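Take a look at the letters that make up each chain.
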Amino acid sequence: MSDMDHASIQGKMPVESVLLHLAQLRGDEQIVISNQSSARLWPRLSCHRLDFNYNPSTMGGAIPFAVGLALAQPEREVVVLSGDGSLLMSLGCLVTVVASGVTNLSVVLLDNRVYEVTGGQKTPASESDVDYAGLASAAGFPSVSRFADLGELQSRSEEIIAARGPRFLWLEVGPTPRDVFQDKHAPIAERLSSFQAAIRRGERR
Amino acid sequence: MFTGSEIVEILEQSGVTHVVWLPDSTLGPWESDLESSSKLRLIRVCREGEAWPLAAGLLVAGQAPIVMMQTTGLFESGDAMRNVLFDLRLPVFAVIGARNWLVTDSGDSARRFTEPIVQAWGLDCVLIGQPSDKPKLADHYQACVHARQAGIVLLAEESG
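Chains as they are written, first to last, in the numbering used here: chain X, 1029 to 1233; chain C, 54 to 213.
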């Protein structure tokens, strides 16, 4: 059984399809920070000068990192892809996002309900109905949405992108293909150096 | 040791753009001065582990942030700091309030572990232990900026 079939059976969106859709929506001046588990697929789907694959990172670090970028470059939209395990490590960062005043940030939660990088162990939220949308709303995000159906996500994407930020997009996704975790990447400091040069040059195609 | 206006003046003259902080009782009184500065932006985090990657994002995108927190926050945020300083190799600078440093007979374990923890991380650290040390803040910051390396100032506190 393929990962995609498995995802469909679980009633979750195939993570590859979700990320491919996000990659197709991506604006040319948009920064995308991918991080941990499901987001490790991103470098297979996108090769853009404003991508930064933030691995290895400290869990929970991608969202604050993206806040810093968004504060520093308010003319650009910043998208950060975070797993549920990472978000759970630092739920307070949702409050930090709103308090920072950024409006050019979208937090995309790829919720697969497990610690996938380490083999699929349960998180404290795996067997409960943690309402991430409710948490984001309570933190003050003006735009909050949740999708478990790919067709609905695709049909409503334009509306979500147009909404006032910061935005919180909760996506229930299936498992990541295991071979992604074998992908080799350049050392993170090298990749960061390229990314830094790209965002500081303000290159436009 | 520093007043809020002194800190603001030093940071402004040093070219700092953002202060990413979670204050303690020694750093806290600087809040209104930091907020009223037209050249500095104060960014509040909910936990110290957020401060390092947030400052990293600012730095990568061309700003000049510093991190402020207490030693307890430094301990709490060790992995975030490790990632930013040693994996990403970013020269983030921090002012760390050293809780109970000036209380020589203190039994505070935060005081006891401050020096060994700073040494274990290999941080380029300067201690400001008395008023005559105040110029060391700007000097160390500028030295770190010039060398493009991370650094911290340990600000000796009576309590925390």
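I should point out that these hints are in silico values taken from the structure, not numbers from a laboratory. A hint or two may mislead.
Computed spacing ranges between beta-carbons, pair by pair [what the hints assert, rightly or not]:
1) Ala1226/X / Gly68/C: 33 to 41 Å
2) Asp1056/X / Ser212/C: 30 to 38 Å
3) His199/C / Pro1152/X: 40 to 48 Å
4) Phe166/C / Glu1186/X: 51 to 59 Å
5) Thr157/C / Thr1131/X: 46 to 54 Å
6) Gly68/C / Ala1127/X: 45 to 53 Å
7) Glu211/C / Glu1218/X: 28 to 36 Å
8) Ser1221/X / Ser212/C: 53 to 61 Å
9) Ser1222/X / Lys187/C: 23 to 31 Å
10) Thr1131/X / Asp186/C: 37 to 45 Å
Which stretches of chain X does chain C cover? Using the computed rule of at least three CB atoms under 8 Å from a CB of chain C, they are [unchecked claim]:
11) 1075-1089
12) 1145-1158
13) 1166-1176
14) 1195-1206
All figures in this text were calculated on a predicted structure; none of them were measured in a lab. Glycine residues also receive a C-beta, built at the ideal position from the N, C-alpha and C atoms.
Hints and how they fare:
The given range of 33 to 41 Å is broken by Ala1226/X and Gly68/C, whose C-beta atoms sit roughly 24 Å from each other. In this structure, Asp1056/X and Ser212/C break the distance hint of 30 to 38 Å, their C-beta atoms being roughly 53 Å apart. Taken as a hint, the range 40 to 48 Å holds for the pair His199/C and Pro1152/X, whose Cβ atoms sit roughly 46 Å apart. Distance hint check: the CB atoms of Phe166/C and Glu1186/X are about 53 Å apart, consistent with the given range 51 to 59 Å.
Between Thr157/C and Thr1131/X the C-beta distance comes to about 49 Å, which sits within the given range of 46 to 54 Å. Take Gly68/C and Ala1127/X: their Cβ atoms lie about 25 Å apart, and the range 45 to 53 Å is violated. Remark: the range hint 28 to 36 Å for Glu211/C to Glu1218/X is contradicted by a beta-carbon distance near 45 Å. With their beta carbons about 42 Å apart, Ser1221/X and Ser212/C fall outside the hinted range of 53 to 61 Å.
The hinted range of 23 to 31 Å is not satisfied by Ser1222/X and Lys187/C, whose Cβ atoms lie roughly 40 Å apart. Between Thr1131/X and Asp186/C the beta carbon distance is about 41 Å. The supplied range of 37 to 45 Å therefore holds. Coverage of a stretch by a chain is defined here by at least three residues with a beta carbon nearer than 8 Å to that chain's beta carbons; for the stretch 1075-1089 of chain X and chain C the count is 5, and the condition holds. A count of 0 residues in the stretch 1145-1158 of chain X with a Cβ less than 8 Å from any Cβ of chain C is obtained; the coverage claim is therefore unmet, three being the minimum.
Counting residues of the stretch 1166-1176 of chain X whose CB falls under 8 Å from any CB of chain C gives 0; the rule of at least 3 is not met. Counting residues of the stretch 1195-1206 of chain X whose CB lies closer than 8 Å to any CB of chain C gives 0, which falls below the minimum of 3, so the coverage claim is violated.
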